[in-house]
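If you read the sequences in order, they're chains A, B and C. Anchor point for the first sequence: position 109 equals 109 in this note's numbering, and the numbering is continuous, going up by one each time. Anchor point for the second sequence: position 21 equals 21 in this note's numbering, and the numbering is continuous, going up by one each time. Anchor point for the third sequence: position 13 equals 13 in this note's numbering, and the numbering is continuous, going up by one each time.
None of these hints come from the bench; they were simulated from the model. Mixed in with the good hints, there may be bad ones.
Residues from chain C that keep clear of chain A, each with C-beta distances beyond 10 Å, as calculated [what the hints assert, rightly or not]: (1) D28; (2) N49; (3) Q51; (4) G52; (5) W73; (6) D98; (7) F103; (8) V142; (9) Q145; (10) K159; (11) L165.
Heads up, incomplete: computed chain B residues facing chain C, CB under 8 Å, no partners named [to be verified]: (12) Q28; (13) P29; (14) W30; (15) E31; (16) G33; (17) A36.
Calculated from the model, a selection of chain A residues having no Cβ within reach of chain B, i.e. all distances over 12 Å [claimed, not checked]: (18) L53; (19) S85; (20) I95; (21) H100; (22) F127; (23) V134; (24) N165; (25) V172; (26) E174; (27) F215; (28) D270; (29) G304; (30) S319; (31) D365; (32) P368.
The beta-carbon is built from N, C-alpha and C at its ideal position, and this holds for glycine as well.
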Amino acid sequence: MTTSSQAGDAGTLAASLLAAALLLPGVAQAENAPENGSIGLRYLDYADRQPGLDRIHARSPSVSVMAPVAGDWAVEGTIVADAVSGASPRYHTAISGASHMADNRKAADVGVTRYFHRATLTLGGAFSGEHDYVSRALSLNGTLSSEDNNTTWAFGVAGSRDSINPVNRIVVGERKRTASVLAGVTQVLSPNDIGQVTLTHTRGNGYFDDPYKLFDHRPRDRRQDTLLVRWNHYLDATGATARLSYRWYGDSYRIRAHTFGAEYVQPLGDALGGGWTVVPELRLYSQSAASFYYDPAPDGTPGGLFPPGYVAGPGQPFSSPDQRLSGFGAVTAGLKVVRALNRWWTLDVKFEQYEQRGSWRLFHDGSPGLAPLYARTLQVGVTRQW
Amino acid sequence: MTGVRSVARVVPGVLAAAMALSGCASVQPWEKGKLAQPAMTFGASPLAPGLETRYAEHIYTSREGASGGSGVGGGGCGCN
Amino acid sequence: MTFRSMTMRRAALALCAGLACAGAWALDEGAAAPKFDLPGREGAVQLANYQGKVVYVDFWASWCGPCRQSFPWLNEMQAKYGARGLQVVGVNLDAKGDDARKFLADVPARFQVAFDPAGATPRAYGIKGMPSSVLVGPDGKVILQHAGFKAADRAELEKAIQTALGPQK
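Only chain A is shown next, with the shape it has when bound in the complex (with noise of 0.2 Å):
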């Protein structure tokens, strides 16, 4: 979604196919293949806005297959078509000159899980294209559990192949290559707790910069590092579930961010037929500054949206005015019903506000002169068994 007015961080998407392909519903249950296929339709609506200008709007329908197969296998495949229009600002928050855009994009992936015992190996592939941006990309992630299974160790790795071709032919046939690697364990605490430790390291080269950005110079190269840690709680008082999380992310733009997730799980019981579930969640989020991005000059200032120290010709130092690279902070809040029909159908409906400022940036100033972003998404979604 928006990929094309944001090839620069693109790379990002990648990383979240490799990331996503790594969520595959096989290997998530332990070590033995699920009992019960599954197949799921899903419906996203999403529009951001700042004040004083409507931005991206994007549809996505997607549907996802998962299929035990021949009792150790697991198949798992998702198709995303996602329309994506509207306008982005050429710099900072500018809204005169915005860029105007309209793409689709098609991602597909599949993964085929392997089950040992106490052990799994899956294999994914990725693909994503646009008008603009084609992405592909590999992976194989394996898992180890202990005898009592109370400790299961994880570990992935995945390399993505990208080519950049932007509709304005600032470039042309521009590419990136990433390769991660990821570690992380997964144990039981008590009956009641299970926590989860996951370290990640990506690497990147090739074509950084958002090619519908002005001043957007960016380095040939990028390193990432996470550290996520999760822990979920089962409170016996109202049989809920508390989800939390926390993430930890630096990268050599020198952006740290700081991640906090908590959903609570509460099922209805037997109220309103029983079957209902809602969870509330909450999410916040803060950033640094990536070291090469330029706050906006005040107001009136002659030649202000060029970057400080800006002399004409070749041999630009790195700079960027792209406000996914300044330092903010952002709140999400949203809810999720849930309705289990019977043992094979289930619905639900997710609705999310979110919100991005400078000033709300933790522990440290945000980047200043920038239009905070509203952003609302809603969703809906049918899964199947069987």
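We have chain A already, so just place chains B and C on it with the hints.
Just chains B and C now, kept in the frame of chain A:
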């Protein structure tokens, strides 16, 4: 980058401590009824579909500087 | 030592600590099957009462997916070999009896069912996974233990039952 190293250094120690705390009273296979519930697992289920997580990853990656980090799920009912 | 190898070393130690504390032990073949005396659906269920029969003890719970798959097969075994001296005993390990009763209303069990919410019996048998089954011979000794239930296991388990029962009279 050094930030990750110092945090990662702590992780095995924390894990060993957690396991020691739970370890010698380690959870038996028949005590995993609550852990078997979909909400308690880290993987996908009809309660937390893979597609939903995928959309979230994609949205945040498109609007923020950080990306990735999600790991594979684990745990479950201890069923074989 | 490099950072990486230090971390790996500590991770390995943590894993070993977890494994060491698992307290894993299971009954050897030929060992005497621990006795149990548990409430059933109609009165007490005692292993001692089945002396002379081949007993297939199956440890199950309502939250265990493969357990749901195993019940039709267990019913089939009880029906097929009951006359030849097989007794299937399903020991339920749900902490809440209501969950077990709901499951049984959904998935019928045409064999003896006993309830052990405290979990003393699986502990005595050294159960390592859910479901687990133990085949006990007429002499009260363990013939085999099996963890898990997959479609592919059925043939192997049925053969073990047939062998234990001996030739058809």
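Here is what the structure says about each hint:
1. Even its closest Cβ contact with chain A, about 17 Å, leaves C/D28 beyond 10 Å, as expected for a residue assigned away from the interface.
2. No Cβ of chain A approaches the Cβ of C/N49 within 10 Å, the least distance being about 32 Å, so the stated non-interface status holds.
3. Residue placement check: C/Q51 keeps its beta carbon more than 10 Å from all beta carbons of chain A (closest about 32 Å).
4. Remark: the non-interface label on C/G52 is consistent with the geometry, its nearest Cβ contact in chain A lying 35 Å away (cut-off 10 Å).
5. Even its closest Cβ contact with chain A, about 14 Å, leaves C/W73 beyond 10 Å, as expected for a residue assigned away from the interface.
6. At roughly 12 Å, the least C-beta separation between C/D98 and chain A is larger than 10 Å, which holds for a residue marked as non-interface.
7. For C/F103, the requirement that its beta carbon stay farther than 10 Å from each beta carbon of chain A is met, with the minimum near 12 Å.
8. Remark: the non-interface label on C/V142 is consistent with the geometry, its nearest Cβ contact in chain A lying 19 Å away (cut-off 10 Å).
9. Its beta-carbon lying about 14 Å from the closest one in chain A, C/Q145 satisfies the requirement of being farther than 10 Å from that chain.
10. With a minimum CB-CB distance of about 18 Å to chain A, C/K159 clears the 10 Å threshold, and the non-interface call stands.
11. Separation of C/L165 from chain A is adequate, the least Cβ-Cβ distance of about 27 Å exceeding the 10 Å criterion.
12. For the restraint placing B/Q28 at the interface with chain C, the shortest Cβ-Cβ distance is roughly 7 Å, inside the 8 Å limit, so the hint holds.
13. At its closest, the beta carbon of B/P29 sits 5 Å from a beta carbon of chain C; the interface hint therefore holds under the 8 Å criterion.
14. Satisfaction of the interface hint for B/W30 is found here, the shortest Cβ-Cβ separation to chain C being roughly 4 Å, below the 8 Å cut-off.
15. Using the Cβ-Cβ criterion of 8 Å, the hint placing B/E31 at the interface with chain C is satisfied: the shortest such distance is roughly 7 Å.
16. For B/G33, the suggested interface contact is upheld, since its CB lies about 4 Å from the closest CB of chain C, less than 8 Å.
17. Contact between B/A36 and chain C, as hinted, is supported at the beta carbon level, the nearest pair being about 4 Å apart and thus within 8 Å.
18. The Cβ of A/L53 sits about 15 Å from the closest Cβ of chain B, beyond the 12 Å cut-off, so the non-interface label holds.
19. With a minimum CB-CB distance of about 14 Å to chain B, A/S85 clears the 12 Å threshold, and the non-interface call stands.
20. Chain B leaves A/I95 outside its interface by the beta-carbon criterion, the shortest separation being 18 Å against a cut-off of 12 Å.
21. For A/H100, the shortest C-beta to C-beta distance to chain B comes to about 17 Å, beyond the 12 Å cut-off, and the non-interface label holds.
22. No Cβ of chain B approaches the Cβ of A/F127 within 12 Å, the least distance being about 14 Å, so the stated non-interface status holds.
23. With a least beta-carbon separation of about 16 Å from chain B, A/V134 lies farther than 12 Å from that chain, consistent with its non-interface assignment.
24. For A/N165, the condition that its CB be more than 12 Å from all CB atoms of chain B holds, with the nearest at approximately 19 Å.
25. Listed as a non-interface residue, A/V172 keeps its Cβ farther than 12 Å from every Cβ of chain B; the least gap is roughly 24 Å.
26. Taking the minimum C-beta to C-beta distance to chain B, about 19 Å, the non-interface status of A/E174 holds against the 12 Å cut.
27. Separation of A/F215 from chain B is adequate, the least Cβ-Cβ distance of about 18 Å exceeding the 12 Å criterion.
28. Listed as a non-interface residue, A/D270 keeps its Cβ farther than 12 Å from every Cβ of chain B; the least gap is roughly 17 Å.
29. For A/G304, the condition that its CB be more than 12 Å from all CB atoms of chain B holds, with the nearest at approximately 23 Å.
30. At the 12 Å boundary, the C-beta of A/S319 stays outside the reach of chain B, the nearest C-beta of that chain being 15 Å off.
31. Against chain B, the non-interface label of A/D365 holds: every CB pair exceeds 12 Å, the least being about 16 Å.
32. Distance check for A/P368 against chain B: the nearest CB is about 17 Å away, which clears 12 Å, and the non-interface claim stands.
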